[in-house]
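> Just so you know, the protein sequences line up as chains Z and Y, in that order. Position in the first sequence counted from 1, then plus 1, gives you the numbering used here. Position in the second sequence counted from 1, then plus 3, gives you the numbering used here.
These are computed hints drawn from the structure, not numbers from a lab. All C-beta atoms, glycine included, are put in the ideal place defined by N, C-alpha and C. Be a bit skeptical, because a hint or two may be false.
Computed list of lysine to any residue pairs in SDA-like fashion (alpha-carbon distance at most 25 Å, straight line) [said to hold, decoys possible]:
id: 1; chain 1: Z; residue 1: Lys36; chain 2: Z; residue 2: Ala150
id: 2; chain 1: Z; residue 1: Lys284; chain 2: Y; residue 2: Leu130
id: 3; chain 1: Z; residue 1: Lys354; chain 2: Y; residue 2: Leu217
id: 4; chain 1: Z; residue 1: Lys453; chain 2: Z; residue 2: Gln434
id: 5; chain 1: Z; residue 1: Lys240; chain 2: Y; residue 2: Arg233
id: 6; chain 1: Z; residue 1: Lys240; chain 2: Y; residue 2: Ser242
id: 7; chain 1: Z; residue 1: Lys240; chain 2: Y; residue 2: Leu128
id: 8; chain 1: Z; residue 1: Lys479; chain 2: Z; residue 2: Val519
id: 9; chain 1: Z; residue 1: Lys240; chain 2: Y; residue 2: Leu130
id: 10; chain 1: Z; residue 1: Lys240; chain 2: Y; residue 2: Leu217
id: 11; chain 1: Z; residue 1: Lys479; chain 2: Z; residue 2: Lys354
id: 12; chain 1: Z; residue 1: Lys453; chain 2: Z; residue 2: Thr415
id: 13; chain 1: Z; residue 1: Lys453; chain 2: Z; residue 2: Ala464
id: 14; chain 1: Z; residue 1: Lys68; chain 2: Z; residue 2: His120
id: 15; chain 1: Z; residue 1: Lys240; chain 2: Y; residue 2: Glu234
id: 16; chain 1: Z; residue 1: Lys240; chain 2: Y; residue 2: Ser33
id: 17; chain 1: Z; residue 1: Lys284; chain 2: Y; residue 2: Pro129
id: 18; chain 1: Z; residue 1: Lys284; chain 2: Y; residue 2: Leu127
id: 19; chain 1: Z; residue 1: Lys284; chain 2: Z; residue 2: Thr415
id: 20; chain 1: Z; residue 1: Lys240; chain 2: Z; residue 2: Pro509
id: 21; chain 1: Z; residue 1: Lys284; chain 2: Y; residue 2: Ser242
id: 22; chain 1: Z; residue 1: Lys240; chain 2: Y; residue 2: Leu235
id: 23; chain 1: Z; residue 1: Lys284; chain 2: Y; residue 2: Pro134
id: 24; chain 1: Z; residue 1: Lys240; chain 2: Y; residue 2: Leu127
id: 25; chain 1: Z; residue 1: Lys354; chain 2: Y; residue 2: Glu234
id: 26; chain 1: Z; residue 1: Lys284; chain 2: Y; residue 2: Leu128
id: 27; chain 1: Z; residue 1: Lys453; chain 2: Z; residue 2: Lys240
id: 28; chain 1: Z; residue 1: Lys354; chain 2: Y; residue 2: Asp131
id: 29; chain 1: Z; residue 1: Lys240; chain 2: Y; residue 2: Ile42
id: 30; chain 1: Z; residue 1: Lys510; chain 2: Z; residue 2: Asp218
id: 31; chain 1: Z; residue 1: Lys284; chain 2: Y; residue 2: Gln236
id: 32; chain 1: Z; residue 1: Lys284; chain 2: Z; residue 2: Ala455
id: 33; chain 1: Z; residue 1: Lys354; chain 2: Y; residue 2: Ser33
id: 34; chain 1: Z; residue 1: Lys476; chain 2: Z; residue 2: Ala126
id: 35; chain 1: Z; residue 1: Lys240; chain 2: Y; residue 2: Leu241
id: 36; chain 1: Z; residue 1: Lys240; chain 2: Z; residue 2: Lys354
So these bits of chain Y aren't anywhere near chain Z, every CB distance computed over 10 Å [said to hold, decoys possible]:
id: 37; residue: Leu81
id: 38; residue: Leu115
id: 39; residue: His187
id: 40; residue: Phe201
Listed here are the chains, written in short residue letters.
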Amino acid sequence: MRRVLPALLWQAALMLGLSAQEAGELRFCLRADPKTFDPQIVEDEPSETVRYLTGGVLIRLNRSTQKPEPELASSWHISENGRRIDFHLRPGLQFSDGSALTADDVAWTMKRVFDPALHSPVGDAFRSGPGEVETRISAPDAITVRFPAPVSALALQFDQLVIQSHRAVQGQAPVAGPFVVAEYKPGNYLLLRRNTRYWRRAADGRQLPYLGSIRLDIQQNRDVESLWFRRGQIQFIGKLDPELYEVLARESPASVHDAGPSLDWVQLWFNQVPSAPIAANRKAWFTSTAFRRAISWAINREDICRVVYHGHAKPAAGPVSVSNRFWFNAALKPDEHSPSRALELLASDGFRKRGDTLFDRAGTPVEFSIVTNSGNRLHERILAMIQQDLAAIGIRVHTVTLDFPSLIERITRTYDYDACLLPLMAGLDPSDQMNVWLSSGAEHQWNPRQTKPATAWEAEVDALMRAQASASDDKTRKAAWDRVQQIVHEQVPFIFLINPDAMCAISPKLRNAAPALVWPQVFWNVERLALTP
Amino acid sequence: MTRVFTAAAWLVLLLTALACLAPALLTRSSYNEQQRDFINTAPCARFPLGTDDLGRDRLARLVYGARTSLLLACAAALLATAVAALAGGVAGWLGGGVEKAALWGTDLFVSLPWLFLLLTVRALLPLDVSPGASVAITFLLLGLLGWAAPARVVRSRVRSLATSDFVLQARACGLSGARVFLRHILPNVRPVLLAQFFVSLPLFVLSEANLGVLGLGVSEPLPSLGSLLRELQDYSALSSRPWVLVPAILLTSVVTSLYALAGRTEAQP
Chain Z
2 MRRVLPALLW
12 QAALMLGLSA
22 QEAGELRFCL
32 RADPKTFDPQ
42 IVEDEPSETV
52 RYLTGGVLIR
62 LNRSTQKPEP
72 ELASSWHISE
82 NGRRIDFHLR
92 PGLQFSDGSA
102 LTADDVAWTM
112 KRVFDPALHS
122 PVGDAFRSGP
132 GEVETRISAP
142 DAITVRFPAP
152 VSALALQFDQ
162 LVIQSHRAVQ
172 GQAPVAGPFV
182 VAEYKPGNYL
192 LLRRNTRYWR
202 RAADGRQLPY
212 LGSIRLDIQQ
222 NRDVESLWFR
232 RGQIQFIGKL
242 DPELYEVLAR
252 ESPASVHDAG
262 PSLDWVQLWF
272 NQVPSAPIAA
282 NRKAWFTSTA
292 FRRAISWAIN
302 REDICRVVYH
312 GHAKPAAGPV
322 SVSNRFWFNA
332 ALKPDEHSPS
342 RALELLASDG
352 FRKRGDTLFD
362 RAGTPVEFSI
372 VTNSGNRLHE
382 RILAMIQQDL
392 AAIGIRVHTV
402 TLDFPSLIER
412 ITRTYDYDAC
422 LLPLMAGLDP
432 SDQMNVWLSS
442 GAEHQWNPRQ
452 TKPATAWEAE
462 VDALMRAQAS
472 ASDDKTRKAA
482 WDRVQQIVHE
492 QVPFIFLINP
502 DAMCAISPKL
512 RNAAPALVWP
522 QVFWNVERLA
532 LTP
Chain Y
4 MTRVFTAAAW
14 LVLLLTALAC
24 LAPALLTRSS
34 YNEQQRDFIN
44 TAPCARFPLG
54 TDDLGRDRLA
64 RLVYGARTSL
74 LLACAAALLA
84 TAVAALAGGV
94 AGWLGGGVEK
104 AALWGTDLFV
114 SLPWLFLLLT
124 VRALLPLDVS
134 PGASVAITFL
144 LLGLLGWAAP
154 ARVVRSRVRS
164 LATSDFVLQA
174 RACGLSGARV
184 FLRHILPNVR
194 PVLLAQFFVS
204 LPLFVLSEAN
214 LGVLGLGVSE
224 PLPSLGSLLR
234 ELQDYSALSS
244 RPWVLVPAIL
254 LTSVVTSLYA
264 LAGRTEAQP
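If we strip away everything but chain Z, and leave its shape as in the complex, we get:
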């Protein structure tokens, strides 16, 4: 007994030490208060963060491999050309309140999400055609979901669908994700505590997540956020801008991470809306493919990457980043900077450069304005560089920065603008860009909401986008999407400029972090994150 007692005490001390080490509190910043805690009506990033950290889903996209993986479902099978999916749930699943998670909860969640009265964006992602979504429970752990029409990237869509308890009372709903909301002080912080009934265990059998709690400080000011990070008050910053990256890299090289070109891109487009209140000669320039191509050749993308992003960006070739391993069309290359080729092309289209000014066929000097949102120094610098690049081929560009609501008003309602420079946040799957490429789409920015395609190539893109959305095999979808990328590259409706790198800063104290390109870049494997004391 004398020998056993010290050994037991030693083991207890060791375990206490381990649990203290692994029950740490991770802290990071949310840019704003979450607008909702209902996972099915999330539209803003703070709410999405809470959903990701607390919600249990059937299938989770592995942000590192970019492949779907089983989560609450142990397996799934897609059939009927993407109309039907059969799930088998893991045994012994529980919500955070201890109640069992069964196929009834999945069926109840599906019913709620597809209720038109809820207006759920998650439900909208599954809606590929008119009709009801059917669910059939064949066993407590087996359920079939059948959609009225094929759903593209069906498995991936379940990454957003949080399974809720059918016994849930709104506001007190138990969760099946790694954390539960414990405390919320609006405008101040949100505290999440470990869900002790989370299903996942580490390879050594230990209960996950390792972290005891997560404190999300609501902080809009990025300078304050970086100050907190430097003081060690928060453990990471996502979406670093190049300047802060460079500063932190100088101070603490081990803390910064550049995961390579992100899926997002920065683009320039010309207003081609027929009813736009702009001069007829400008409309003629903007609808000319040769004009748009020449502008693309006149812009020095390499310089933008080097000067504005300090090398933390890559010239973009199209709507798919080189980091999107499966969907990127490797045949496409970014337009090279060649003012002489640009001038030749413009000459073939009737433009002439006399002195320092380019004139169109009618003898009108070529000048136009480019708008962007105020307050974004990266975009303002890109515009200043484009201004100088286009001056080299005789085009006078007026750069205008507008507050965001005014900018949106102009590009979506009044169409009173010449050209616009903005970023676009893209997802992995081509279906995420349906609203951009369908001629009827609201985000078909150069000429949105067309009743019928304005050009033959837009009609072809419409057909290809619909074909890829309704196809179930990735080979067919890839072929269609490659062709869309090819057409877009040839027709230049968007001048794709750069893909900024996905950069973040992570405290060396945060273990197991593996920054990915896809949101949430740093905490996608939150259940495995741990803090060194």
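Chain Z is already provided as a structure; the job is to place chain Y on it using the hints.
This is chain Y only, laid out in the frame that chain Z set:
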């Protein structure tokens, strides 16, 4: 106090001269030429204040920025003072309903959230304006929005003059209202107008700086003191590139000097 005034006057004079002579002095530098192989260069013989994040000569941008801010602040102050003289003078001289209406108008203008109003007006303006026109528009807006406070001072002065003995005597002598206003009131209001002009100057320089920091002032590539201050938003760079503080130091010096001049002008009888 005289020394302070003299120093302030010299600084403003020097800057105004530099601003006016900028094109002649900076023949080898351009405020908008991007030398992309020389971004964020430290001060050197070629670039005495270094280069900015696009490789543009900071000294050239500073001189041209001061020129933009100073010359157009003068124009805006002149416009605001002229409108104030008209509105305040008429209100104070005529009195009654006109005065009440003018006071109501000035109250309204003083209460306006001017920054929001400037944002709105600027958003409604045509996009296709040259940088030069954007400067004119920015200061025209500032001038048109900045007349209300000086107008109240002018009205008050005109009101007290209108009831003064020498004006009553002039009226008793049979001079017409217009003649009394032009010959007796206006010359006596001139010091007030001058003081208001000088008080408005630093206000307009600061207002432009605020707009410039928000990215809503003078459009690229034309610099202004406000747009040059935007570099200070990256406060972490201050330790490694302390020379980026020069525009802030210059702005502070200019505004302080202008206030010193205004104080002296106000103090004069």
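> Sort out whether Ser33 (chain Y) lies within 25 Å of Lys240 (chain Z), counting only the CA atoms.
violated (35 Å)
> Does His120 (chain Z) lie within 25 Å of Lys68 (chain Z) when you go C-alpha to C-alpha?
Given that 25 Å is the threshold and the Cα spacing comes to 28 Å, the pair is violated.
> Next pair to validate is Lys453 (chain Z) with Lys240 (chain Z); report whether the Cα-Cα distance is within 25 Å.
violated (38 Å)
> Would the pair Lys36 (chain Z) and Ala150 (chain Z) pass a check requiring their Cα atoms to be no farther apart than 25 Å?
Not OK: Lys36 (chain Z) and Ala150 (chain Z) at ~32 Å, beyond 25 Å, violated.
> Below or equal to 25 Å on CA atoms is what counts here, so check Lys240 (chain Z) against Leu127 (chain Y).
violated (33 Å)
> Can you confirm whether the C-alpha distance between Lys284 (chain Z) and Ala455 (chain Z) stays at or below 25 Å?
holds (14 Å)
> Check the non-interface label on Leu81 (chain Y): least C-beta distance to chain Z beyond 10 Å or not.
holds (27 Å)
> Sort out whether Leu217 (chain Y) lies within 25 Å of Lys240 (chain Z), counting only the CA atoms.
holds (22 Å)
> Given the proposed pairing of Lys453 (chain Z) with Gln434 (chain Z), does the C-alpha separation stay at or below 25 Å?
holds (19 Å)
> Would the pair Lys476 (chain Z) and Ala126 (chain Z) pass a check requiring their Cα atoms to be no farther apart than 25 Å?
holds (22 Å)
> Verify the proposed pairing of Lys240 (chain Z) with Leu235 (chain Y), using a straight-line Cα cut of 25 Å.
holds (21 Å)
> Lys240 (chain Z) and Ser242 (chain Y): Cα distance at most 25 Å?
holds (24 Å)
Checked against the numbered hints above, the structure violates hints 1, 3, 7, 9, 11, 14, 16, 21, 24, 25, 27, 31, 36; every other hint is satisfied.
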